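Trainee: Now for the letters of each chain:
There are 2 protein chains.
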Amino acid sequence: MHFISEQHHDDGVLEREFALGEIPGTLWTPGSAPAPLILMAHNNGLPRRDPRLVGRARYSAAQGYAVATIDAPGCGDRPGSASADQARAELRRAMQAGEPVDEIFESLVGPLVENALPEWRTALGALLSLPEIGGPVGYSGWTALGIRLAVAEPRIAAAGFFAGGYVPRAQREEARQVTIPLLFLLQWDDEGNPRQRALDLFDAFGSREKTMHANLGGHVGTPWFELEDGGRFYDRHLKS
Amino acid sequence: MHFISEQHHDDGVLEREFALGEIPGTLWTPGSAPAPLILMAHNNGLPRRDPRLVGRARYSAAQGYAVATIDAPGCGDRPGSASADQARAELRRAMQAGEPVDEIFESLVGPLVENALPEWRTALGALLSLPEIGGPVGYSGWTALGIRLAVAEPRIAAAGFFAGGYVPRAQREEARQVTIPLLFLLQWDDEGNPRQRALDLFDAFGSREKTMHANLGGHVGTPWFELEDGGRFYDRHLKS
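In the order they appear, the protein sequences are chains E and Z.
Position one of the first sequence corresponds to residue 399 (this note's numbering), numbered consecutively onward.
Position one of the second sequence corresponds to residue 399 (this note's numbering), numbered consecutively onward.
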């Protein structure tokens, strides 16, 4: 893991860009060390530089967490793939035409998740070797990748999932094997994500402690107080 | 409003029994005054002395709220009614026999709500005339009564509803007229309360700001942290 640049913020948070082989990432760390770690990813492989993700990451870092994110293969700063570009174009076309999109999402998000998993595990190992990062480890954001990680990776102790993103059938099946504490965040009127599918997914998780927070509004309308609620969820599971 | 007894608790909360005509009630007030008020009631007219309600009331009072509750006509310390006793017996019989219970619930809870409404409004007026109580006013607990109150009573500014209780058809219809901020608390596996009906009710509320917290577990399994989450909901709407 090589640090490429660093930026000191007024709230004591240190923000560093890093490279891990060909994987680009960002790490935010608080003034206090060692800090518990939160891995943070956006649904459907959205870029790690997205302002909403950066905002959440800096909030959590200011609350005493190390937060790390990487770009998935073909996403963000990384070279795109012809097949993913084609799937995204086909997705736009089908949505505009009002055609079913599930199979296109399967062909796009399924491989994204499978390809992202080993890189996130590699990144997790490298991050935990840093002296400024301790356990335990939480996860935040992209539901499909989070399910995959929570099942494959025993070091993940708690996870917050955002319901607004396509979850491939394989991960919907796998949801029953997720047993860590969960906070599941649902936008009640999310335009592109069927509500019933999110409710079914919440029902399917195998966790004994799972909480859903549903708020009125569309995909990007999550109210600000959910950031604080999420913080307290991680505090209960990662700081006690 | 006549105070009958008082008890000082170690956390600075003063607990007083009162009578308002024939209505018996309890008022908890914090050390600081004037305090915002939360009206608190249990679903289906359960007694105001129920330990779960008392626990919630004392928690909120310790957080700086005046909390008041009264027994509904025919409930708690008040003389029972022959028709309600009969409906409750019929309910037990039908439940044991595995028969439908909706119509029995309608005949029991419908009149409970209608009879309780004017008494809660009378109590609200009397409470707001006390110097130790200021506005604004919140509501907590019994969903059906809360819907009725939120629609009829403009002084209610925010409400937390517990989904686990029968909501008569009239209040399910009225839910669209509720426009104040809501926190709706659902136990995902509540034995006696169909989940879909609760989800439909959440969907129906007319409020622009409404949040549902759903947790795994049965009717009485609400996790402790929801008490704190509820406190922050009231803080946002009653203290700002």
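These aren't lab readings, by the way, just hints derived from the structure by calculation.
Since the model is a prediction, treat every value here as computed from it, not as a measurement.
Hints may contain errors.
Said to hold, decoys possible - Computed Cβ-Cβ distance ranges for the label pairs, DEER-style:
(1) W622(Z) - G616(E): 27 to 35 Å
(2) W622(E) - Q405(Z): 36 to 44 Å
(3) L625(Z) - T577(E): 46 to 54 Å
(4) E571(Z) - G496(E): 27 to 35 Å
(5) H406(Z) - F401(E): 53 to 61 Å
(6) G496(E) - P445(Z): 30 to 38 Å
(7) R606(E) - E512(Z): 34 to 42 Å
(8) W622(E) - G615(Z): 24 to 32 Å
(9) W622(E) - E571(Z): 31 to 39 Å
(10) G615(Z) - Q405(E): 41 to 49 Å
(11) E530(E) - D500(Z): 56 to 64 Å
To be verified - A few chain E residues facing chain Z, derived, Cβ under 8 Å:
(12) E607
(13) K608
(14) R634
A virtual CB, placed ideally from N, CA and C, is assigned to each residue, including glycine.
Trainee: Take the hints in turn and mark each one as holding or not.
Mentor: Hint-by-hint comparison with the structure:
Restraint check, W622(Z) to G616(E): a C-beta distance of roughly 32 Å satisfies the suggested window 27 to 35 Å. Under the hint 36 to 44 Å, the C-beta atoms of W622(E) and Q405(Z), about 39 Å apart, fit the expected range. A beta carbon spacing of about 25 Å between L625(Z) and T577(E) contradicts the range 46 to 54 Å that was offered as a hint. Separated by about 34 Å at the C-beta atoms, E571(Z) and G496(E) satisfy the suggested range of 27 to 35 Å.
As the Cβ distance of H406(Z) to F401(E) is approximately 59 Å, the hint placing it in 53 to 61 Å holds. At roughly 55 Å, the beta-carbon separation of G496(E) and P445(Z) lies outside the given 30 to 38 Å, and the hint is violated. In this structure the supplied range 34 to 42 Å holds for R606(E) paired with E512(Z), their Cβ-Cβ distance being about 40 Å. Checked against the hint of 24 to 32 Å, the C-beta distance between W622(E) and G615(Z) comes to roughly 28 Å, which is consistent with it.
For the hinted restraint 31 to 39 Å between W622(E) and E571(Z), the CB-CB distance of approximately 33 Å keeps it satisfied. For the hinted restraint 41 to 49 Å between G615(Z) and Q405(E), the CB-CB distance of approximately 44 Å keeps it satisfied. The hinted window of 56 to 64 Å between E530(E) and D500(Z) holds, with their beta carbons roughly 59 Å apart. Interface restraint check: E607(E) against chain Z, minimum CB-CB distance 7 Å, threshold 8 Å, status holds.
Proximity of K608(E) to chain Z holds as hinted, the smallest CB-CB distance being about 5 Å (cut-off 8 Å). Proximity of R634(E) to chain Z holds as hinted, the smallest CB-CB distance being about 7 Å (cut-off 8 Å).
Hint compliance for this structure: hints 3 and 6 are not met, and every other hint is.
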